[in-house]
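K.L.:
One letter stands for each residue in the lines below.
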Amino acid sequence: MNLAIRDIQFHRGRFILTSIGLGLLIGVVISMGGIYRGLSADALSILESVKADIWVVQQDTNGPFAESSRIPEDIKYRIKAVPGVADASPISFQTIQVERQGKPFRFFLIGYELNGFGGPPEILAGRNIRQKHYEMVVAKAMKIEIGEKINLGIHDYTVVGITGKVVSSGGDPAAYVSLADAQDIQFKKDNDAIRNDRARINSNLAGIRSLSPVQAKYVNQNIAGITESTHTVNTVVAKLTPGANLHQVQEQIRRWNHFRPISVEEQTKILTKGMIEKSRMQIGLFRVILLVISAVIISLIIYTSTIDKIKVIATLKLIGAQNRVIIGMILQQSLLMGVIAYAIGYGLILLTYKRFPRRIVLEAFDLQVLFIIVIVICTLSSFVGIRKALKVEPAEALGG
Amino acid sequence: MDKAMYAIEVENLTKIYGKGETAVTAIADATLQVKPGELVAILGPSGSGKTTLLTSIGLINEPTHGKVVIDGITVADQGWLPGLDLKRMRREKLGFIFQHHNLISFLTALENVMIALEINDLSPSEARSRAAELLTSLNLGHRLSSYPQALSGGEAQRVAIARALANKPRVILADEPTAALDTENGKNVMTLMKSLAVENQSAVLVVTHDHRMVEGFDRIFHVRDGLIVS
Numbered sequence: 001m002n003l004a005i006r007d008i009q010f011h012r013g014r015f016i017l018t019s020i021g022l023g024l025l026i027g028v029v030i031s032m033g034g035i036y037r038g039l040s041a042d043a044l045s046i047l048e049s050v051k052a053d054i055w056v057v058q059q060d061t062n063g064p065f066a067e068s069s070r071i072p073e074d075i076k077y078r079i080k081a082v083p084g085v086a087d088a089s090p091i092s093f094q095t096i097q098v099e100r101q102g103k104p105f106r107f108f109l110i111g112y113e114l115n116g117f118g119g120p121p122e123i124l125a126g127r128n129i130r131q132k133h134y135e136m137v138v139a140k141a142m143k144i145e146i147g148e149k150i151n152l153g154i155h156d157y158t159v160v161g162i163t164g165k166v167v168s169s170g171g172d173p174a175a176y177v178s179l180a181d182a183q184d185i186q187f188k189k190d191n192d193a194i195r196n197d198r199a200r201i202n203s204n205l206a207g208i209r210s211l212s213p214v215q216a217k218y219v220n221q222n223i224a225g226i227t228e229s230t231h232t233v234n235t236v237v238a239k240l241t242p243g244a245n246l247h248q249v250q251e252q253i254r255r256w257n258h259f260r261p262i263s264v265e266e267q268t269k270i271l272t273k274g275m276i277e278k279s280r281m282q283i284g285l286f287r288v289i290l291l292v293i294s295a296v297i298i299s300l301i302i303y304t305s306t307i308d309k310i311k312v313i314a315t316l317k318l319i320g321a322q323n324r325v326i327i328g329m330i331l332q333q334s335l336l337m338g339v340i341a342y343a344i345g346y347g348l349i350l351l352t353y354k355r356f357p358r359r360i361v362l363e364a365f366d367l368q369v370l371f372i373i374v375i376v377i378c379t380l381s382s383f384v385g386i387r388k389a390l391k392v393e394p395a396e397a398l399g400g
Numbered sequence: 001m002d003k004a005m006y007a008i009e010v011e012n013l014t015k016i017y018g019k020g021e022t023a024v025t026a027i028a029d030a031t032l033q034v035k036p037g038e039l040v041a042i043l044g045p046s047g048s049g050k051t052t053l054l055t056s057i058g059l060i061n062e063p064t065h066g067k068v069v070i071d072g073i074t075v076a077d078q079g080w081l082p083g084l085d086l087k088r089m090r091r092e093k094l095g096f097i098f099q100h101h102n103l104i105s106f107l108t109a110l111e112n113v114m115i116a117l118e119i120n121d122l123s124p125s126e127a128r129s130r131a132a133e134l135l136t137s138l139n140l141g142h143r144l145s146s147y148p149q150a151l152s153g154g155e156a157q158r159v160a161i162a163r164a165l166a167n168k169p170r171v172i173l174a175d176e177p178t179a180a181l182d183t184e185n186g187k188n189v190m191t192l193m194k195s196l197a198v199e200n201q202s203a204v205l206v207v208t209h210d211h212r213m214v215e216g217f218d219r220i221f222h223v224r225d226g227l228i229v230s
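Protein sequences, first through last, are from chains A and B. First residue of the first sequence? That's 1 in my numbering, and the numbers climb one at a time after it. First residue of the second sequence? That's 1 in my numbering, and the numbers climb one at a time after it.
The set of hints was computed from the structure by calculation and includes no laboratory data. One or more hints might be untrue.
With a straight-line Cα cutoff of 30 Å, these simulated DSS-like cross-link-like pairs (lysine-lysine) come out [what the hints assert, rightly or not]:
hint, chain 1, residue 1, chain 2, residue 2
1, A, Lys391, B, Lys187
2, B, Lys87, A, Lys388
3, A, Lys311, B, Lys194
4, A, Lys165, A, Lys239
5, B, Lys87, A, Lys391
6, A, Lys188, A, Lys140
7, A, Lys311, B, Lys187
8, B, Lys19, A, Lys311
9, B, Lys19, A, Lys388
10, B, Lys168, A, Lys391
11, A, Lys391, B, Lys19
12, B, Lys168, A, Lys311
13, A, Lys140, A, Lys51
14, B, Lys87, A, Lys311
15, A, Lys143, A, Lys51
16, A, Lys149, A, Lys388
17, A, Lys51, A, Lys273
18, A, Lys51, A, Lys354
Simulated coverage check for chain A against chain B, where a stretch passes if three residues somewhere in it have a Cβ under 8 Å from a Cβ of chain B [claimed, not checked]:
hint, region
19, 3-12
20, 313-324
Even for Gly, the Cβ is constructed at its ideal location relative to N, Cα and C.
Bound-form chain A, shown alone (with noise of 0.2 Å):
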């Protein structure tokens, strides 16, 4: 006979309630696990979605995500140039908030070159981009319907595809646009701005005396034609030839072109060490935190069905009981308590992790680390119980 199974069946209620209880407290400590691996993958989305091998990007900076980079758009040709790099491409990159249905609405803005790379890595619904202006393909995740308008700026763009998962390292879903229209959207000055800078290089080329009215006007074109040029990017990603080395190709860059080329894993680190260690280093805080007082919780409910059972134990100390009847009473009960608890847990999150805001991933290796986690914290939690129950005299299941 079973005494533990005996005394859950018995107490199934309250057993049931606190394991419920312990569930919850262990699916948030999955939920977070989830969310730090989203954190990672929502990181890298967007550069395993481009599948570049170089991201070139503005010289001392560790752009595009992790700083900001500005890199002017017909170096596409020059990068496209350089020994070993079989196609090159512009990509630009903003986060953009409207109002949408009266609500804040925040995407992951990516304008591609329609005939370079760096789009969208799938079309789940309707078509990709054809036109050069005005259409937009959204990720599935910011639930817009194909034929939707969203107004960016001065113009409507029409929804024409819907793509997979991808999002920024700030978790924000992507819509990708054509290069020029993203251009135009990051870059492009309203029209108030416009007239000012016209005006002030008005002024200034009527202070230079020895200018002609016509040289005077050929000049403004021509400065006017540069500050209200849109044609920069944030990155220009490039592919290299099959057996071409790396190394090389980015010392080549580095050197003659003067922009920072950074490797996929490079990038790598930047995205996953820099940008979201505090935000690792932060749930995993959190997750040590539930776990330890996931521990004393159940140290608290060991403790207390072991002071509740006192007469039972000392009954079965009186009767001969040997101490493993007693210490295998209590263990059991914890490690049952545990592994329900789990299942809760990880049931709970498994319904629900897609319905979170941020994603969540759900790993094997974490899943099992945390079941063996919770093992071991079972067990030692059941230490408190079974020492006071040691500690029960026999003579205590005497008298009233």
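Assemble chain B onto chain A, guided by the hints.
P.N.:
Leaving out everything else, chain B in the frame of chain A:
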């Protein structure tokens, strides 16, 4: 092995609680013998030392001085004998009946008896059939699956008696077994214990303060202020 002449032998048993000025002698120089099949009562008012005597014989309370022999095995001689497995002795040689039946609340009547057998290394199936047989013989066949809370005081005490008898002990020690029962149930329990003592050839030592409950006992010891006075 030949059975010992006495199931219980106590010689000059003394139990002193505390030390120095705060020392209290609970029982002093108690000497008694109980034969198998004999029903013996220890009568005395509260605080007279009768429970201390019972717990010392029951291998719960270590005697300060004196000798205790159970079924021919010396268990205490100026303290417990070194190397003695008290739990095993209690399991195999002794049966306990308490004032409040002390049944385990989360086990049925049948399981409460089974547990005593299982901790004595009987297989679950053997324990089940033997416990059922025992309870049926005590007219509790219809109460096998009942939890202690659903049993009347008399029924619960009979289950406790069945548990005490489960391992066919040589000695049954009962501490105020009728205190929580009405007179009729109390007398029934005493009659039952007497018949079982004879039937199983177990020595039954009952501690009580109720004179009405000791009718038909083979011998009665009176304890007062830690001394067996008669």
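K.L.:
Which hint numbers does the structure go against, in order from smallest to largest?
P.N.:
Structure breaks hints 1 and 16.
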